[in-house]
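Here's the letter readout for the chains.
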Amino acid sequence: MSATETVAPLGGDKTADLAWIRALYEFGQTAAYGADPLRVRQDILTHIVQGFDAESGSIALIVHGTEDELEIAAGTDLPQGIVGSRLQRGVGVFGHVVATGQPILINGNAAEAGLPLRVSEPRNRPAHSAMCWPLVVQEQIIGALAVNRATSRQRYTVEDLDRGQALASLLALVIANHQMNVDRDNRIVELSTLNETLQRVNAMLEDAQGQLIQSEKLASIGQIAAGVAHEINNPVGFVTSNLGTLESYLQRIFGLLGAYIEADRAAPAPVTEALARARVLRDNHDFDFLRGDIVDLLRESREGLVRVKGIVQDLKDFSRTGGEEAWEMADLHAVLESTLNIVRSELKRKARIEINYGNLPRVECVPSRLSQVFLNLLVNAGQAVGAEGKVTLSTGVEGSQVWIRVEDTGSGISEENLGRIFDPFFTTKPVGEGTGLGLSVSYAIVLKHGGQIDVESEVGVGTKFTVRLPIRHAGAAAAQVSADLYKSAA
Amino acid sequence: MAKLLIVDDEPNVLNALRRMCLNRDALPAIPDPEVMTFTSPVQALAYLKDHPVDLIISDFRMPEMDGAVFLTEARKLQANSARIIISAYADIEGIMRAINDAGIFQFVSKPWSDQELKAAIVQVLGHRALLVENQQLANEVRRQRGIISEQQAELERLELESPGITRVRWGEDGSVLLED
Numbered sequence: 000m001s002a003t004e005t006v007a008p009l010g011g012d013k014t015a016d017l018a019w020i021r022a023l024y025e026f027g028q029t030a031a032y033g034a035d036p037l038r039v040r041q042d043i044l045t046h047i048v049q050g051f052d053a054e055s056g057s058i059a060l061i062v063h064g065t066e067d068e069l070e071i072a073a074g075t076d077l078p079q080g081i082v083g084s085r086l087q088r089g090v091g092v093f094g095h096v097v098a099t100g101q102p103i104l105i106n107g108n109a110a111e112a113g114l115p116l117r118v119s120e121p122r123n124r125p126a127h128s129a130m131c132w133p134l135v136v137q138e139q140i141i142g143a144l145a146v147n148r149a150t151s152r153q154r155y156t157v158e159d160l161d162r163g164q165a166l167a168s169l170l171a172l173v174i175a176n177h178q179m180n181v182d183r184d185n186r187i188v189e190l191s192t193l194n195e196t197l198q199r200v201n202a203m204l205e206d207a208q209g210q211l212i213q214s215e216k217l218a219s220i221g222q223i224a225a226g227v228a229h230e231i232n233n234p235v236g237f238v239t240s241n242l243g244t245l246e247s248y249l250q251r252i253f254g255l256l257g258a259y260i261e262a263d264r265a266a267p268a269p270v271t272e273a274l275a276r277a278r279v280l281r282d283n284h285d286f287d288f289l290r291g292d293i294v295d296l297l298r299e300s301r302e303g304l305v306r307v308k309g310i311v312q313d314l315k316d317f318s319r320t321g322g323e324e325a326w327e328m329a330d331l332h333a334v335l336e337s338t339l340n341i342v343r344s345e346l347k348r349k350a351r352i353e354i355n356y357g358n359l360p361r362v363e364c365v366p367s368r369l370s371q372v373f374l375n376l377l378v379n380a381g382q383a384v385g386a387e388g389k390v391t392l393s394t395g396v397e398g399s400q401v402w403i404r405v406e407d408t409g410s411g412i413s414e415e416n417l418g419r420i421f422d423p424f425f426t427t428k429p430v431g432e433g434t435g436l437g438l439s440v441s442y443a444i445v446l447k448h449g450g451q452i453d454v455e456s457e458v459g460v461g462t463k464f465t466v467r468l469p470i471r472h473a474g475a476a477a478a479q480v481s482a483d484l485y486k487s488a489a
Numbered sequence: 000m001a002k003l004l005i006v007d008d009e010p011n012v013l014n015a016l017r018r019m020c021l022n023r024d025a026l027p028a029i030p031d032p033e034v035m036t037f038t039s040p041v042q043a044l045a046y047l048k049d050h051p052v053d054l055i056i057s058d059f060r061m062p063e064m065d066g067a068v069f070l071t072e073a074r075k076l077q078a079n080s081a082r083i084i085i086s087a088y089a090d091i092e093g094i095m096r097a098i099n100d101a102g103i104f105q106f107v108s109k110p111w112s113d114q115e116l117k118a119a120i121v122q123v124l125g126h127r128a129l130l131v132e133n134q135q136l137a138n139e140v141r142r143q144r145g146i147i148s149e150q151q152a153e154l155e156r157l158e159l160e161s162p163g164i165t166r167v168r169w170g171e172d173g174s175v176l177l178e179d
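First to last, the protein sequences are chains A and B. All letters in the first sequence, in the order written, are residues 0 to 489 by numbering that gives the first Met the number 0. All letters in the second sequence, in the order written, are residues 0 to 179 by numbering that gives the first Met the number 0.
Note that these hints are calculated values from the structure, not bench results. As the structure is a prediction and not an experimental result, all values here were calculated from the model. Where is the CB? At the ideal position from N, CA and C, for every residue including glycine.
Stretch-level coverage of chain B by chain A, calculated; a stretch enters the list once three of its residues show a Cβ under 8 angstroms from a Cβ in chain A: (1) 1-12; (2) 19-25.
Here are the simulated SDA-like cross-link-like pairs (lysine to any residue), alpha carbons at most 25 angstroms apart as the crow flies: (3) K315/A - Q105/B; (4) K428/A - R301/A; (5) K308/A - P27/B; (6) K308/A - V107/B.
Using the sequences and the hints given, assemble the complete structure.
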């Protein structure tokens with residue numbers, strides 16, 4: 000067959016062929032088209048129509064997820080509305096090619112061509128000429144490609160059909176490649192969305208785990224506390240009692256000694272040998288110092304015992320964090336006011352108190368326990384602020400929760416300490432001033448109320464504690480956590 | 000004279016309480032106290048069978064029996080004794096038994112304050128003395144009105160003085176059992 004009889008890519012100038020093929024290949028690689036697959040196909044088709052020196056062409060693809068449905072995916076010189084229309088496998092030229100997997104050449108009327116026969120002989124009268132190839136990728140038919148030439152032009156030959164088959168394979172690859180690019184992009188989007196969801200769920204899980212660990216810690220401390228409190232109170236009881244008795248004995252002894260000393264002073268010189276010995280002993284043993292120091296010694300020991308009693312009381316409180324007390328619908332502002340009355344005098348000496356109440360509904364709670372929480376937060380705030388500090392107390396509603404915030408302009412909490420402030424026995428206060436139970440007890444109380452305490456702090460700027468409580472007490476905090484998780488995962 | 004019996008499984012607690020009761024200098028003072036202590040409630044019950052006391056003070060948590068059980072038994076032996084529980088631990092159920100069954104006059108928590116505990120002891124002893132006196136006067140009136148016989152009144156007086164003295168324990172062979 001001569002060169003003049005063939006269309007450009009099918010045996011013309013080799014360089015031009017290669018350039019054409021390369022251009023076709025590049026269409027498949029063009030990611031820029033990713034957002035508009037229709038345009039890509041249209042461009043590819045136009046390229047092919049040019050390559051086959053055809054007037055028009057069309058591509059039909061098997062609809063994703065079906066086996067029998069074809070969709071006109073691209074077309075040139077087609078009436079409007081054809082692109083996107085559906086065809087059945089086995090029906091029509093495309094349907095036939097997809098069903099059989101065999102290319103066909105049509106010269107003249109398709110019906111006359113005697114489908115499914117390969118029509119090779121050109122008819123006498125001028126008729127339109129068309130070729131249709133299946134698009135096959137890895138032995139899977141994904142659709143079909145057709146090109147048409149007007150009736151006035153030279154007809155395609157069987158050789159054109161055979162050469163075109165190779166191009167059809169290439170096109171199939173390009174389309175599949177493009178589809179894969181699109182799929183990949185979609186997957187990347189899907190994956191990053193999934194990843195975000197996972198990160199969110201993960202953060203919530205970590206949060207929930209943190210809360211669980213914290214409440215676990217508190218629970219075990221509570222159990223130990225109840226037992227230890229009893230064991231400690233026994234010895235504290237008798238040591239306190241003995242110190243009292245000792246003090247009273249010493250008073251008697253000192254009384255007696257005082258009388259002896261009086262007698263000694265009144266003793267006429269020269270003194271007896273025994274009295275002289277007693278005087279030496281008295282001087283050597285620094286009797287006056289002893290007498291003074293014994294008083295201090297007893298007082299300090301008693302102070303120590305008072306501290307031990309305080310710790311034991313805290314521990315006992317710890318094992319009772321609101322589980323067994325009566326729940327009521329309480330006005331939290333009234334609770335806050337009564338708490339403020341307790342600490343106001345102490346706070347006032349150091350800090351300005353600013354109050355910023357919102358509109359709070361009545362909240363189902365154990366008021367005495369919440370008062371303990373507010374007391375802790377207010378006392379802490381008071382201790383944190385310097386001479387010219389400010390403590391802000393504000394409240395508000397947020398959905399089904401209320402919040403109470405205690406904010407101070409104090410020294411702040413360092414980052415390394417921030418993670419430990421709710422741990423039992425963690426304290427930065429000087430020995431004897433804090434047991435390190437205040438915040439962990441508060442945490443346990445708020446947890447029992449189904450709420451949470453958040454803390455934000457900046458060293459040198461101040462600290463902000465926010466207590467969030469559900470308006471209606473509805474079971475454990477864990478229920479809320481799992482509900483949140485469900486929400487974010489859905 | 001005030002006869003006190005104290006039971007606690009910890010000897011140090013007993014010593015501290017004994018010192019506290021006997022120390023007349025720390026007010027309020029217990030009038031003329033005489034203190035018996037036991038680490039074992041069982042031994043304390045044995046002692047109570049034939050030693051009348053005015054006041055029984057007991058710990059709550061003890062290995063042999065708890066304070067409520069001990070004081071309930073003690074009450075059966077000496078109905079006119081006053082009873083106090085002093086404890087670092089008690090649940091509601093235990094406190095209910097102590098009040099309903101053992102009829103305690105006071106519940107004092109550990110660690111106790113000497114002053115408060117002594118004040119409680121003095122008050123309970125006074126209360127108990129009033130009850131006993133009231134009972135004696137009532138019997139006196141009943142006797143005078145002929146509601147109870149002189150013999151019965153005397154028996155009750157003796158029983159008040161020495162609980163158990165009016166009850167005779169018979170052996171299987173018909174002998175009279177006397178305890179040491």
